[in-house]
Amino acid sequence: MRALAGAGPSLAGALCIALVACAGQPTGAESRVLTAPLFEHQLGNGLQVVVVPWDSPGVMAYATLVRTGSRDEVEPGRSGYAHLFEHMMFRGTPRHSEGDYARILRQLGAEDNATTNDDRTLYTILAPATALETIMDLEADRFQNLSYTEEVFRTEAGAVLGEAHTLSSQPQIALLERLREVAFDHHPYEHTTLGLVEDIRAMTEGFEYSRNFFHRFYRPENTIVIVVGDVVPEIVFALTERFYGSWERGYQTPAVVQEPAQTATRRETLRWRGPTAPWLAVGYRAPAFTTASVDTAAIDVLASLLFGEASPLYQDLVVNRRLADVIAGALTDHRDPYLFEILIRASDERHLPAIEGALAEAMEQLREHPVEKELLEAVKSHLRYEFALELDSPLHVAEDLAHYIALTGSSSTVHEVFARYAQVTPADVQRMARELFRSPSATTVLLIPGDDRTAAPEAEP
Amino acid sequence: MRARSSQTVLLAASVLLGSCGSQPRIDTVVRPASSSPLVAIRLLVRAGSAHDPPGKEGTAALTGLMLARAATKLRTYPEILDDLYPTASSIEVRTDREVTLFETVVHLDHLDILTDLLVESLTRPAFGDEDFERNRDQLLAELDTVLRTDDELLGLELLQQTIFSGHPYGHAPAGTSESVAALEIEDVRTFFDQHYTRDRMLLGVGGGAPDGYAEQLQRRLAKLPSGGAPDALPPAPELIGRHLTLVRKATSGVGIHLGFPLAVTRTDEDYVPLLVATTILGDHRTFHGRLIEELRIARGLNYGDYAYVEYFHDPPETSSPTPNVPRRHQYFSIWLRPVAPQLAPFALRAAVYELERLIEEGVSEDEVETTRTYLRHRSKLWALDGSSQVGFALDSRYYDMPPFLEDLDRRLERLSATEVNDAIRVHLQSTNLQIVFVGGDTDALRDTLATEQAPLPEYPSPSSDSRRATDRDIASLSLDLTSIREISVDELFSVPAL
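One line per chain: the protein sequences are A and Z, in this order. Sequential numbering from 1 applies to the first sequence in our numbering. Sequential numbering from 462 applies to the second sequence in our numbering.
Keep in mind that the hints are not guaranteed to be accurate.
Facing chain A, a subset of chain Z residues (Cβ under 10 Å, in silico) [claimed, not checked]: (1) A494; (2) S496; (3) D544; (4) T548; (5) V566; (6) D570; (7) D573; (8) Q599; (9) D744; (10) R746; (11) G761; (12) S781; (13) V800; (14) K841; (15) S922.
Please keep in mind that the hints were generated in silico from the structure rather than gathered at the bench. The beta-carbon is built from N, C-alpha and C at its ideal position, and this holds for glycine as well.
Okay, chain A solo, but in the shape it has when bound (with noise of 0.2 Å):
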């Protein structure tokens, strides 16, 4: 699933969907999901391009995806180095200096952006498109020559503690920031994307090793060109020839340390220093992304019967009972095992124990009982439409599909989880109920208001 599915004002996940069903094995053709075709090609580099002409007139959505996430920060102390890098990458090459790469996207009228997650890079640019081949001129520049000083990189290393600073005020980041810290022991999924305070502090004295972090990772063979809207897509091959056909190889593989099981519960509380409602996390231990089987398939459905405003938990503990205002829960896709992510938004402290009670019951109903046929093709076409429904323009195609490739490096991924979606069973949902919802490997964190013990970052001295 791509991000938390759930019921809640703040918290309403997305999730991609198959338009048509397909039997068997998940294969291109059969099991195509976007009604849009998808053309791709590769470099001798290894780059690869994947363009979607879409019914977008004028406007294209033009995306560089790279496969390095915060997953690939092993080295002590270096957390949070894949996000200061997205942040790097704005700031000029020999050829094309900060100044000029912001002067003539303004000139477009382009609108960029770029976020970086666990497992990838993504850099986004909505502009007019008869500009295909200026920006692809300059993204190509800056990925294969990016070039900033010493001083540069140490003022924008104060930018990113400025968004730490940003994001420290909302409790339910810092409760995920804790859930993972106490979950994960090994693997790099410990630390968020963002990093831990003491590595951005620190940054200001790597400017050395972000030198290198470039040269490691960010290479044509872990990247992938995206382009959709109003283009063309040999024109678009011909020209990427042109502009990346120099970039040399050399990409190194991150020695990713793999997370043992989890053999027994982890709890704790974490106090919040100023006004929260009262919130549970958990995590399950679960899977890495797949479409080998319906593993991660069944997961997802499972997420929507659990969370969605339509399952039982919501109607009791959001409509009927109002212990809660929010619930959610995903598997969101990570290409290592990751957790079920549980989060719930009380209405009040004193109904924790009520809400947990509640949670075990529904995941135990899971268990035991499949679920009706009418039910799961309900699940099914909730999961089929909400996808179509973000098809609305050339960006969040764009944006879906480099999702997908990020996991696994093929465009056809997106197509085989749809076609993996439409074969889950009834008896496929209970039993990754079972494996997935086992006591020894769930941690929970409750997070509360009170002075205890402060969970707000200390200022900075």
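Position chain Z relative to chain A; hints supplied.
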């Protein structure tokens, strides 16, 4: 239907469904149909928080929730959720100062389901006790867990409340803890009867809606009664002096907001010149603008710094203007994202410094030309999806002006630097400001702000002499604060008056 050129897709005039004889009607805007299988529907009702009865702040928002997230006379709320679930669609509701918006995007396959629900919700609401208590709790939770928790939303909302203190705009749409806790179901029924009339509604339809659909929908909704409460608003409060509000809250950074009332809306001649001026000062969430260039890019003080000529909805989460938050009273604002507490006095002065520089020196022809070109291109990206297109069309109708995006492009095309500088001189000033700080040690901030000189920032790398000289000028800028008030975050949004 094959795609049209970008010009016509985004700028095509919406169709207004005219009156047909003496049949009751709802004012309806229809966007030309696209090839998309997604249908966008928006209903804008003149029933915002400015219409909350005194002492009953939050009524408009609660009424909206009772229509969009509650039972009807035909179905319970769980039944509605069951019916909606396979469609993945829902009716979303949002209350702002002047309007409440109901919107949905639905696949053509399920258009009938959402249409029936929308009509049923608006014309046959149940107003049951259980739904009322749940939705009232929802509003209280929003105050407790969103506004008080999220520093940036808190600061953005509080700035509005300080600028419009004592005015119908002067409280959050979610009301206050005290007022919402005291609301009763009869308050909602009364509000609904007074404000949910067909004369106070604007309906918008777009995306891949079938021919004739909009007319059918408006006829069904037009069964609502006519008339409704008066819609007059008093003028914005007069602001004299510089007033600082310090919010005591445990945070690692200090968020800074400043602004003043602005007697310019989209219909005014000076709107576009001021839009260009504020874009030059601080373009929303881009790296362009004097503020971000000086505060973040040059000095690394924080994550972002922006300026606005009108209310901008939920800026932390959006990159483009959100339609359907129209207001007849606007305000100019500057938003500095959190800085380290010891840098807050300097950052505030830096923002005032840039504002004063804008006022005293104006903008160059080059800057206007660059920004004009940028906005002409960028605005064409604001409404790529059917729902946004409907939204902007509704706003144009609300303001009784030509289609906004088309009109903006036309006005930008003929804009001159002289007009921009004239508008700056007429409307922008720095003498009378409301300023809000959220977080940090308020005692220490108060003490530091009382001194004539702000602490200078320390940079991780050596900085140039000119930078240092500018820093000294900024640090010694006099704030001349007329008042400093301190308030705890726990007190905020508890009672109507600040």
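Can you list which hints this structure breaks, lowest number first? Numbers 1 and 7 - these are the hints that the structure violates, sorted from lowest upward.
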